[in-house]
Each structure stands twice: as structure tokens, then as C-alpha cells.
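Each of the two chains sits in its own frame; use the hints to bring them together as a complex.
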Amino acid sequence: MQMKNDGIPATTPRKPWTFNDDVNSDIRRAAETGIYDIRGGGAKRRVPHFDDLLFLGASISRYPLEGYREKCETKVTLGTRFAKKPIELDIPITIAGMSFGALSGPAKEALGRGATAAGTSTTTGDGGMTEEERGHSDKLVYQYLPSRYGMNPDDLRRADAIEVVVGQGAKPGGGGMLLGQKISDRVAEMRDLPKGIDQRSACRHPDWTGPDDLEIKILELREITGWEKPIYIKIGGARPYFDTTLAIKAGADVVVLDGMQGGTAATQDVFIEHVGQPTLACIRPAVQALQDLDMHREVQLVVSGGIRSGADVAKALAMGADAVAIGTAALIAIGDNDPRWEAEYNKLGTTAGAYDDWQEGNDPAGITTQTPELMQRFDPVAGGRRLRNYLNVMTLETQTIARACGKSHVHNLEPEDLCALNIEAAAMAGVPLAGTDWIPGKQGM
Amino acid sequence: MQTIDMAESGLRELNSTLQAQAEQTNQTDWEIVNTRGSHAVAVGLDAPIDVTIRGSTGYYCAGMNKQATVRVKGSAGPGVAENMMSGTVIIDGDASQYAGATGHGGLLVIKGNASSRCGISMKGIDIVVHGNIGHMSAFMAQSGNLVVLGDAGDALGDSLYEARLFVRGSVKSLGADCEEKEMRPEHLEILRDLLERSGADASPEEFKRYGSARKLYNFNIDNASAY
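For the protein sequence lines, the chains are A and B, in the order given.
Heads up, the first sequence is in the numbering used here, so the first residue is 1 and it goes up one at a time.
Heads up, the second sequence is in the numbering used here, so the first residue is 1001 and it goes up one at a time.
A couple of the hints might just be wrong.
[To be verified] In silico SDA-like pairs for lysine to any residue, Cα to Cα no more than 20 Å straight-line: (1) A:K75 <-> A:H411; (2) A:K75 <-> A:A434; (3) B:K1215 <-> A:E228; (4) B:K1215 <-> A:Q181; (5) A:K84 <-> B:R1012; (6) B:K1073 <-> B:D1094; (7) A:K195 <-> B:F1219; (8) A:K195 <-> B:G1124; (9) B:K1208 <-> B:I1190; (10) B:K1073 <-> B:D1092; (11) B:K1181 <-> B:G1153; (12) A:K85 <-> A:E228; (13) B:K1073 <-> B:S1115; (14) B:K1215 <-> A:I197; (15) B:K1215 <-> B:S1173; (16) A:K84 <-> A:E215; (17) B:K1215 <-> A:G34; (18) B:K1215 <-> A:A188; (19) A:K85 <-> B:E1013; (20) A:K195 <-> B:L1216; (21) B:K1066 <-> A:R158; (22) B:K1066 <-> B:R1012; (23) B:K1066 <-> B:P1048; (24) B:K1111 <-> B:T1052; (25) A:K195 <-> B:D1177; (26) B:K1215 <-> A:P194; (27) B:K1215 <-> A:L179.
[Stated by the list, open to error] Derived contacts from chain A toward chain B, CB cut-off under 7 Å, selection only: (28) I35; (29) A188; (30) D192; (31) P206; (32) E220; (33) E223.
No lab work stands behind these hints, which were simulated from the structure alone.
Bear in mind the structure is a predicted one, so any value in this text is a computation, not a measurement.
Here a beta-carbon is modelled for each residue, glycine too, at the ideal position from N, C-alpha and C.
This is chain B alone, in the form it adopts within the complex (with noise of 0.2 Å):
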């Protein structure tokens, strides 16, 4: 396990060292102590490298993660794992805004709650969320899944498109073109895969599936009113 300690090392020095590490390192254990909040720590990260941050984070944390497996032990700031292309991030108390925000593939767990605008403009990410979801969630999500153990606040799923929505508890209300969807068995399965991989103790079977009703994928002016 190498350490880095954030009240001696700098940002460039955290984040240059771990950028560096090769496809074939050995060095594949990290730790960053002392991280009080600093924003973009763990960012552009591209090897199959495990960092467990130790205290919260600020702003961007994980921001473009590939292959990496990044832990916070604490809470996140607005924008974790933005634009994520693979890889795992575990947020093991609540993440603030935009967690996901445009991410691209791999899976983020948020283990407590997450703010407003959890996974906007997804692109093929899959994140997992134990607790609850703030307003504007998945808003014009692209494609994946998001999946909610708690309950949603309002405009869940504003003009989505092809994202997968599952939601266990309430969901405060939809917003434009997104309506509960059948679920199918395609769609236990890969929830039932998601909740495994982010252990989360529930059954596929308590969810409800929310997507696209795909009335706005077209400009029709007759639909003006539901902006």
C-alpha cells in the first residue's frame, strides 16, 4: 500500500503520481490521507489501480476515471466521477450534485444520499445509490442505469432518453416524457447484477422502472406545452 499525504504532497503531486501509473503496475494500492476537501483529487486516472481516499472530497473527484477503483471514506462533492469511462468509484457517505454528471461507462456507488442532478446527461454509466436522490435527477440521461434504494425528488427523468431508471421508494414526480415503464425480466436481471456488484441489500422486485416515453425525441410543436 503507498501513501499519499495531502497535508505534504500537493494536488499535481497526488494526481501526477497517480495518472503515471502504468496498464502493467505493481503498485496497485493506494491511500490519500488528508484530502480536507480538496477538489479534483483522483482525477484522469487510467490504470486498474484501487485509491481509497480517507476523509471527504470536494469539487470532481474520480473526474474521468478509467479502469481505476476509487473509494472515498467520507462524502463527495459536486460532480464525483464526472465523465467517468470505466472503472469503479465508491462513495461511502452522501455525494452533493451532478454525481455522475455525463459519465460514460462504469459504475459509481453512493452508499448514503445524493443531491440534486444525480447522473445528468448519463452516456452509459451505471450508478447505484442507496439513499435517496435529489430534483432534476437524470435529467436529458442519455444511456445506462441508475438505480435508487430510496426515494426520488421531483422531475425525475426531465427529458430523458434512452437511460434505464429504477427506483425503489417514492419518486416526487417525473419530469417531462418520463413515465414508468413495464419491467421485464432483461431489466431484473440487470438490476439484480448492479445491486450485487454495489452491495446493496435489496430485491430487484421492489423497484419500479421509469424511461422515455419518447414523445419529444422529435421537435412537434403540438408538444410546446410540455417544456
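Pulled out of the complex, with its shape left as it was, chain A reads as follows (with noise of 0.2 Å):
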């Protein structure tokens, strides 16, 4: 036993929870900068998440399907309501909007090439589309942000779908940054600005506000495109019930929702921390919304925001959604955060899975850059192949779930498969805690 000087038993030293170590070191940088603290990715707290969730397997009241042998179907047509041209894709797993600026241009050729050889689409971001992203994307999603860097119709006219983004899980109600240290002649010349300034990505669109407005802009690019693009309408995981009814009272063909844990490429932290809801706890009043409004699968919900594997894809898709998208797995699929860069994380201070300063644009990696030396260090072919594989580790994860089940195609896969680990996820999910037939918040249980 630990004595004091006095010859009294020494307590544990103990850290105060409120002022951890993280808190405390949040402290001191504020009061040696005086500025908030700016990074990349998404919320990094723990926030019930697709993990409190189980699938229960089938049972004596259900039969599974054969593994390698019964077929288990996981094609998704995406705006079917008013498009002329829906796009097919062969996985319900999507490559969500990422911009080239924040990217560097052969990273999002790596998403392209996975992408499509996977059999599903990427999507541009805010920076308008590039030559490498167009040509190695089979089916290319292309983001009308309020920005409108890069923007134009012939641009509109080659894309296969158009994306009105709205907000994004990571910071509803938020605009973006780009420092200037990746605007370089390039990045300047796409956005019509000059080189090494901070370009702001507005956090309103500058022609439309609100639902009424919406609608009459989704005529004009319906027009302009002659009502072949399915239009797509991404909201942040704020008021999902809402803004997804005014979203399909605007027009929206598909319906992009995206959780707190959804990514960014640069925000201050205490907004990716603090504002806007889990993904679990979105996706159930957005399908309760396209349900009320008997839209549910005329709409498709594609959600996003900390999908991994199978096993989240397989529970989104059982909450209702139509498919996902998936940002930050794919940039790891593709070598962000790699171990093998430990040396170079540890020299900006952090280390591998921890790197998320992806504003400054030192990325070790080579893909959060436009630094030619680093850009140099990735092989899209090489990043193509990865995501590529991943995507189909994904989808064979997500088939052997929905066999399990019985589901001869995963969006047969239902709330009833589910339950939950905890009184949070149950009541954020809609479905039972587990060992009860208690959902939390429904009336009569």
C-alpha cells in the first residue's frame, strides 16, 4: 500500500471524467490558438451505432436459403419514380460524394475504377467532375452543391444521376472549407478562383430556399437534362422524418440520408461532434415518412454514415433503406490510415487511424492531397482493385446475412430479423430488445 508522508494510505490518483485527457488537451490547444480546432472525417464519439443491433437468424418459423447454392439477389434500381433512366446497380453499395480538391484526381479515379468494376456507382463532390472520375466510373452521381464550383450543363447531361446535396451527416446547417493549401492551379481553375485562397462551400444554395423553391429547381434540371437523370436529394441525419416528406414532396427520386458518423473533408470539430443525429437513429423516421406517404421503394432511401461490412449494410437494409454509401470505408479500403505510413503519421503527430487533419493536405497516404510528391505514392489501379474487393467482401457478407434469414434478395430483409442490444438502439431502431418484445417507444408494448 501506497503511504503519504504523513503515514495515511495513499488514494489511486484519479482523473476527473468531465476533464479527461482529451478534454484537457482540447483545453490547451484552444489557449495556445485561439481558433477551433479543424479536422476531417466524422464524429469520432461513440453513439449507438449498427453494432447494438443483432440478426436472429432463422429458426423453426423460418427457413434460411443455402449458402453457394440458393441465389440471394442484391441488384437495386435507384429513381424509378420519374427518371427516364434509372441507374442499375449490381450491389446496394454505393461510393458516396467526396470532392476532387479534397481528394487528390487519382483517388478518385481508385473510386472509380472500384466502383464500377464492383458493378456500382461513385459519386463527385464539391468541385465539379473530373475527366479521371467521369471516365473510369461506369455510373457517375453528380453532386449540385451550393457552391456550384465546376458547375455546368454539359457536365449535368453526362452524369447519370444528379445529386441536390442538401446537408451532410457530418455537420448539418454547415458549410465547408477548403485551405489553401490544396487549391492548387488545378483545384483554382475548377472552382473559378484564385490559387492558395480559403475557398468557403456555402452552407445554403444560392437560387432556392426551401421545399417550394426545391421543386421548381428540380423542374429546371429536369428540363435541362429532358428528364432522363434520376435526381437525388441528400440530407443530413437532422429531422429525417421531415426533411425526408419534403424532400419526396419536392420531387426527389431518391433520398441520400446521412448520419453524424457520415465524413467531411474538413469542419471544425465541435460541429462533426455536436450536431446532428446518429445514423441509427435517422433511418427509421425516414422510412416511417416514405411509408406515410406510400413512397416507400417508389423513393429510394440510400443511407450513409459509418456503413463497414456486410453486417451494417445488411442492417440498414433491413431498417427499410434501399442501399447505402460508404466514404470513409472506401478511402481506407484504398489506403488512407494504412499502418504502413506509421513513421510519417507519427512526424504530423497522430498515427494511423487517428489522421484526420486531411484540410492541411500532407496526407502521408497520397489521397487527402494535391501535393504532387505524395499524390505520386498512390496507385489508382491499385486503389481501384481494393475498394473493388472490399465492395464484394461487403456484398457477400450482406448475401450470407439475408440467407440466414431466408431472403432471396437482400431487400427482402425486414425490422423483424432484427433486435437490439440495448434500450437505445431498440427504441432508435424500432425493433425489439433483445430477449423481449419491448420496442422502446411504441405505444401498446
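See the structure below:
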């Protein structure tokens, strides 16, 4: 037993939970710099997630399908409501919007290569459409963002779908900032701004406000593109029931719903961690909105924010999504935060797995950078192959679970196949707490 | 002259007909009647045709225009000539909010007044307003020229980048990082050309030029109070 000088037994030194090491380092950093912390990625805090759900699997009352023998379909069609040319995907996993500017050209190329090889779509971001991306993406979704950087009717017409971005999960209600150090000549030219200055991505669209205007904006986009392209509306996980309702009312073919674990290229840490709802909490209200309007499956729902595995995909689909989108996971698959660069992460004051200063452009993996020497480290062909492999594994995992639940199509997964490990997840997902028939918040239970 | 009567033809038929005109079309002159405030009229055009719209239009008339000349013989609703790439759009009456928003090129002429946020986030378009413009005009304007023969409302050029603003009348207030700039000979030349092309009866020497102070180009905590 450790004793103090006066002979009284010493208590174990105890750090406060409220003022833990992370909090204290934030306080010291703020005191030193006078400015808030900006970083990339999504929420790092622990929130209720798909890990808190389990599949029940088949039993006497339900019979499973034979793995490797009986078919379990994964195809998904997006944009069946109004578009003349809906998007047909082989798998229910898409690549989320990430900008050229935030990512290097070769990284965007790798995303296109991987997605195409796996039979799915990729998405542009806030910086326009690059030739690498269009050329290597069989199906490309063109984001229509508040900044309108690089926006033009020719690219609209050569896109396969248009995604009107209203918000994103990492920062619902917020815009973005691409810091000057990532503004190369090419990025500057595409955005019609001088090289080296911070480029603000606006939080509101410049020429419409509210759902009534949005309906007319969508009409314009459809008229420009001959009513061919599916129109997605992307919303951040803030008020998913009402936002989904209004997106449907405005004429969306597809609603893309991004929870707070969804990544961003650069935003204030306080925004990422304290604004918006977990992905798990957003899906059920959005599906409810679709069902209340009799639009479930007529307007497709794509869910993103923290999707990592086929289990996550299957759980999102079981809750009512038609497909998912991955961003952070795709970057990790192609080499982001890889331990092989540990020594260089250490030089930047971080470690593999924690590197999030994507806005600074010093990415050792050569992905979130515009610096030629760093970009050269990244092989877009190998990166595309890795992404394809990863997407294939996720798809196989999703099918494995779906077969175990007796489903011949992954879309046949349903909330009845799920239970929750804790009360919070049960309430959010609207499925019973494991071992009970209790769904918190459901009337009559 | 080809005439499309919107009392008989729907919006889709109107736009698909105009969009189908090829670069070398002989049918260069078009007239649209009975628009009755329709939205998205003559959007996405991409041929050197001349379209005269007799009547007022709703939202986004001539949106994303390329090459075409679109004349509105009336007033235009919000977002006229938004994201225009090239060509010319001429409004005889007034224009509502966001006129010329995010435009990349071409010339937008508004012979009446323009409402708030005229030229918001403009990226190379030239806009000439014969009357007044409303508040927050040229917000985050990136490049191009905004010429105003009348007065400008509050917060002109807030968070401006490299767009040039020329105002003949009064400016109620300047937005963050916008300041009056020296009018040099090259600016007078730009102005003279735009006034002439837009049929404006004014002398370049009567205008003041406003531009970015460039103090907010790179984030600095000492400037936080400016936002």
C-alpha cells in the first residue's frame, strides 16, 4: 500500500471523467491558438450504431437459404419515380460524394475504378466533375452543391444521376472550407478562384430556399437534362422525418440520408461531434416518412454514415433502406490511415487510424492531398482493385446474412429480422430489445 | 420566325424543341407567347439562336444558357439566367432574386431593377442592371463584372472574391471585405464595353468601382469579428 508522507494510505490518483486527457488537450490547444479545431472525418464519439443490433437468423418458424447454392439477389434500381433512365446497380453499396480538391485526382480515379468493377456508382463532390472520375466511373452521380464550383450543363448531361446536396451528416446546417494549401492550379481553375486562398463552400444554395423553391429547381434540372436523370436529394441527419417528407414533396427520385458518423473533408470538430443525429437514429423516421406518403420503395432511400461491413449494410437494408453509401470506409480500403505510413503519421503528431487533418493536404498515403510528391505514392489501379475487393466482401457478407434470414433478395430483409442489444438502439431502430418483445416508445407495448 | 404558344405546347415540348436546335440551325429566330409566369422557360439552350419571350417568366428562365440570346419582354422571376455559361439574356422589365446566380459567362442585361442577391456567387458572368439592385448582391461573387446604373442595397459584395462591381448611384452599405477601389483605365474600358453592349445610356466616368479587400482570403482568427 502506498503511503503519504504523514503515514496515511494514499488513494489512487484519479482523473476526472469530465476533464479527461482528451478534453484537457482541447482546452490547452484552444488556449494556445485562439481558434477552434478543424479536422476531417465524422463523429469519433461512441454513439448507438449498427453494432447494437443483431440478426435473429432463421429458426423453426423461418427457413434459411443454402449458402453458395441458392440465389440471393443484390441488384438495386435507383430513380424509378420520375427518371427516364434509372440507375441499375449490381450491389446495394455505392460510393458517397467526395470532392476533387479534398481528394487527389488519382484517388478519385481509384474510387471510379473500384466502383465500376463492383458494378456500382460513385459520386462527385464539391469541386466539379473530373475526367479521371467520369472516365473510370461507369455510373457517376453528379452533386449539385451550394457552391456550384465547376457546375455546368454539359457535365449535368453526362452524369448518370444528379444529387442535390442540402446537407451532410458530419455538419447538417454547415458549409465547408477547403484551405488554401490544397488549392493547386487545377483545383483553383475548376472552382474559378485564385490559387492558394481558402475556398468557402456555402451552407445554403444561392438560388433557392425551402421545399417549394426546391421543387422548381428540380423541375429546371429535369428540363435541362430531358427528364432522363434520377434526382437524388441528400440530407444530413437532423430532422429525418420532416426532411425526407419535404424531399419527396419536392420531387426527389432518391433520398440520401447521411448520419453524424458520415465524414467531411474539413469542418470544426465541435460541429462534427455535436450537431446531427447518429445514423441509426435517422433511418426509422425516414422510412416512416416514406411509408406515410406511400412512397417506400417508390422513392429509394440510400443511407450513409459509418457503414463498414456487410453486417452494417444488411442492418440498414433491414431497417428499410434500398442501398447504402460509403465514404470513409472506401478511403480506408484504398489506403487511407494505413499503418505502413506510421512513421510519417508520427511526424505529423498522430498515428495511423487517427489521422484526420485532411484539410492540411499532408496525407502520407497520398489520398487527401494535392501535393504532387505525395500523390505519386498512390496507385489508382491498385487502389481501385482494393476497393473492388472490399465491395465484393461487403456484398458477400450481406448475402450471407440475408440467406441466414431466409431472403432471396437483400431487400427482403426486414425489421422483424432484427433485435437490439440495448434500450437506446431498440428505441432508435424500432426493433425489440433482445430477449423481449419490447420496442421502447412503441405504443401498446 | 418560329412561334411556340405555351397555351398549346407544354414546357417539356418547348424546352426540348429549343434544346434540339443544332449549332448550324437555320431556324435561328424563335418567339414564345403565353408564358404566363411559367418556370424553367428556355433552360439549357446550347445553340446560337435568338429567343424572344413575350410576357413574364417564373423561376430560372434561361437557366444554364449557352450561346443563345434570350429576350424577355416582361419581368423575370427568381434565378433568371442562373449558372449561365455564355450567350446573352436581356430582361426588359425587372428581375427577382438571385439574377445571374453562379453564372460562369455571357451577358445578363436587366433593364429594370434587380432584387436581392443579384449576381450571388457569380463566376465570370457579366451583369448590367439599368435600375437598382437589392441587398446582399454579389455575395461571395468570384469573378466577372456587375454594373449597376442605379443604387445598390445593403451589404454589397459581402465576402467578395475577384468580381468587379461598378455602381453609378449610392451604395447603402458594403458587405464584409468589400471596399471601394481605384478606377483605372482598364476598368473604364471594361465598363465602356459593357455599357455599350447592354444599351445603357451612361458614361463610365460616372461610376465607382468596388472590389475585395482580400483580408478574408485566408482564415485568420483576428478577422472573426468581420463575419
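Status of each hint after checking the structure:
Between K75 (chain A) and H411 (chain A) the alpha-carbon distance is near 9 Å, which keeps this suggested pair within the 20 Å criterion. For the proposed pair K75 (chain A) and A434 (chain A), the alpha carbon gap of about 31 Å is over 20 Å, so the pair is violated. At most 20 Å may separate the alpha-carbon atoms for a hinted pair to count; K1215 (chain B) and E228 (chain A) exceed this at roughly 44 Å. For the proposed pair K1215 (chain B) and Q181 (chain A), the alpha carbon gap of about 17 Å is at most 20 Å, so the pair holds.
Among the hinted pairs, K84 (chain A) with R1012 (chain B) is consistent with the structure: their alpha-carbon atoms are about 14 Å apart, no more than 20 Å. Between K1073 (chain B) and D1094 (chain B) the CA atoms are separated by roughly 10 Å; this keeps the pair inside 20 Å, and the hint holds. Using a Cα cut-off of 20 Å, the hinted pair K195 (chain A) and F1219 (chain B) holds, with the two alpha carbons roughly 15 Å apart. Annotation: proposed proximity of K195 (chain A) to G1124 (chain B) holds, straight-line Cα distance about 16 Å (limit 20 Å).
For the hint linking K1208 (chain B) to I1190 (chain B), the alpha-carbon distance of about 13 Å falls within 20 Å, and the restraint holds. In summary, the hint linking K1073 (chain B) to D1092 (chain B) is supported, as the alpha carbons are separated by about 5 Å, within the 20 Å threshold. At most 20 Å may separate the alpha-carbon atoms for a hinted pair to count; K1181 (chain B) and G1153 (chain B) meet this at roughly 18 Å. As the CA atoms of K85 (chain A) and E228 (chain A) are separated by approximately 5 Å, the hinted pair is consistent with the 20 Å bound.
For the hint pairing K1073 (chain B) with S1115 (chain B), the CA-to-CA distance comes to about 18 Å; that is within 20 Å, so the pair holds. In summary, the hint linking K1215 (chain B) to I197 (chain A) is supported, as the alpha carbons are separated by about 11 Å, within the 20 Å threshold. Straight-line distance between C-alpha atoms of K1215 (chain B) and S1173 (chain B) comes to about 18 Å, which keeps the hinted pair within the 20 Å bound. Between K84 (chain A) and E215 (chain A), the direct Cα distance comes to roughly 18 Å. Compliance with the 20 Å bound is thereby established for this hinted pair.
At most 20 Å may separate the alpha-carbon atoms for a hinted pair to count; K1215 (chain B) and G34 (chain A) meet this at roughly 18 Å. Of the pairs offered as hints, the one joining K1215 (chain B) and A188 (chain A) holds, with about 19 Å between alpha carbons and a cut-off of 20 Å not exceeded. At roughly 19 Å between alpha-carbon atoms, K85 (chain A) and E1013 (chain B) fall within 20 Å of each other, so this suggested pair holds. The hinted pair formed by K195 (chain A) and L1216 (chain B) meets the criterion: a straight-line CA distance of about 14 Å does not exceed 20 Å.
Proximity of K1066 (chain B) to R158 (chain A) is assessed by CA-CA distance (about 16 Å); at most 20 Å being required, the pair is judged to hold. A hinted pair counts as satisfied when its Cα atoms are at most 20 Å apart, and K1066 (chain B) with R1012 (chain B) qualifies at roughly 18 Å. Taking the CA atoms of K1066 (chain B) and P1048 (chain B), the gap is about 8 Å. The hint holds against a cut of 20 Å. As the CA atoms of K1111 (chain B) and T1052 (chain B) are separated by approximately 15 Å, the hinted pair is consistent with the 20 Å bound.
Between K195 (chain A) and D1177 (chain B) the CA atoms are separated by roughly 18 Å; this keeps the pair inside 20 Å, and the hint holds. The hinted pair formed by K1215 (chain B) and P194 (chain A) meets the criterion: a straight-line CA distance of about 14 Å does not exceed 20 Å. Under the criterion of a C-alpha separation no larger than 20 Å, the hint pairing K1215 (chain B) with L179 (chain A) is consistent with the structure, at around 15 Å. For I35 (chain A), the shortest C-beta to C-beta distance to chain B is roughly 4 Å, which falls under 7 Å, so the interface hint holds.
At a threshold of 7 Å, the smallest CB-CB gap from A188 (chain A) to chain B is about 11 Å, leaving the interface hint violated. Interface hint at D192 (chain A): satisfied, since its Cβ lies 4 Å from the closest Cβ of chain B, which is below the 7 Å cut-off. A hinted interface residue such as P206 (chain A) counts as satisfied when its beta carbon comes closer than 7 Å to some beta carbon of chain B; here the least separation is about 4 Å, so the hint holds. About 4 Å separates the beta-carbon of E220 (chain A) from the nearest beta-carbon of chain B, less than 7 Å, and the hint is met.
Annotation: E223 (chain A) was flagged as interfacial toward chain B, and the flag holds, the nearest CB pair being 5 Å apart, inside 7 Å.
Comparing the model with each numbered hint stated earlier shows that hints 2, 3, 29 do not hold.
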